[in-house]
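J.: Residues per chain are reported as follows:
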Amino acid sequence: MIFAEWKPIAELIEKLKPYKKVLLAGCATCVAECAAGGEKEVETLAPLLRMALQKQGHTVEIVTATLDKQCEWEFVEQLAEQAAEVDAIMSVACGIGVQALAERFDPKPVYPGVNTSALTIREEAGLWAGRCAACGDCVLGETFGYCPIARCAKSLLNGPCGGTRKSGKCEVNEDVDCIWNLIVERAYERGQIESLAEPKRTKNWSNSGHGGPKRVIREDLRQ
Amino acid sequence: MSNRAEQAKQGLEIVVLYCQHGICDDAKASAWSQDAEGMYVRAVMMPCSSKLEVPYILKILESGADAVEIVACPEKSCKLLTGSLRAERRVEYIRGLLEKIGYAPERVGISRKLAQKPDELIKIAGTRADAVRSLGTNPMKTGEQQ
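Chain order of the listed sequences is A and B.
Mind the numbering: the first sequence is residues 181 to 403 in the working numbering, read in order.
Mind the numbering: the second sequence is residues 895 to 1040 in the working numbering, read in order.
Careful: at least some of the hints might be erroneous.
[Stated by the list, open to error] List of simulated lysine-lysine pairs, DSS-like, C-alpha gap at most 27 Å:
no., chain 1, residue 1, chain 2, residue 2
1, B, Lys953, A, Lys187
2, B, Lys1017, A, Lys220
3, B, Lys953, A, Lys195
4, B, Lys1017, B, Lys953
Source of the hints: derived by calculation from the structure; they are not laboratory data.
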């Protein structure tokens, strides 16, 4: 899932202070899974913001709505009526949702309520960990299902850096597995350790952020 | 004068949310309220303290209550095993959120008791009231700035 976390509340307050009425918009997909921007989080953040604003002497009416998806125009359209009645919008969806609202409801000011930071999996209740860096040239087939781009602190493609702890943890964070240690262990388990010694093809970084803004066209799906 | 204004004049408004398993059988009631010395107590029975959700508590404070006390079962007595533990963690989370917006975390608390009678819940509310009395009334109640 796309992972996001609330921005500092003081930062949100500064953005909302000038307005009389604001829409706080959530998204019931990824940011709900990571407990940052779903309906529950919207209904948690809204009273907090109202209380904080009032405490500072600002009277801002905050109304709320949570869409099934903020990254699809059909769902975004559901906010049209509410958006027309407010002075500004604060979105707690990922950066895609924020931009969708900013584009659809221009020139209404749209502010992000969260920082979008990673593509994660929920390892257990209350613990999320990065699993994908959207690098655009997946190597999971050669690394036994472990991503060295997202899960190695140095994004190394050619084995451990030498800083692996005796416990098998990363030198950067003792709570995090050295992913190359896991790759090597799994390679041994499968009797394929030699495959890691083979020269790696040059990774094509141009298919992600390094190649400029992403734009994909599928003619069979276009209208 | 509105009811709330009258209550504010009389004393603090304390909301008590209590687990149905922690109250003695003959005192079970879904919700009740009572004036007590220096405070007005609103009590709501929950099926389990684990039903406590973060937005509920914040909305109670937003609506002007001066403090919220959750009365959960002792950890080993929880009929849903981890219900009261979850409630305690959520209370800690809420207290952290309150600190971030400059509210005293003491406005939310949790106690662990079993076989309570209503009078005992009033006493627990009184302890919470004592903890927040020096803070004054909830600014949301009066619209004042702190």
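J.: Holds or violated: lysine 953 (chain B) and lysine 187 (chain A), Cα atoms, limit 27 Å.
T.: At roughly 21 Å apart (the allowed maximum being 27 Å), lysine 187 (chain A) and lysine 953 (chain B) satisfy the hint.
J.: Would you mind confirming whether the straight-line C-alpha gap from lysine 953 (chain B) to lysine 195 (chain A) stays at or under 27 Å?
T.: The hint holds at about 22 Å.
J.: Lysine 1017 (chain B) and lysine 220 (chain A) were given as a pair; does the straight-line alpha-carbon distance stay at or below 27 Å?
T.: Cα-Cα ~32 Å, so violated.
J.: Take the C-alpha atoms of lysine 1017 (chain B) and lysine 953 (chain B), compute the straight-line distance between them, and say whether it is at most 27 Å.
T.: Measuring from Cα to Cα gives roughly 24 Å; hence the hint holds.
Going through the hint list in order, the structure does not satisfy hint 2, though it satisfies all others.
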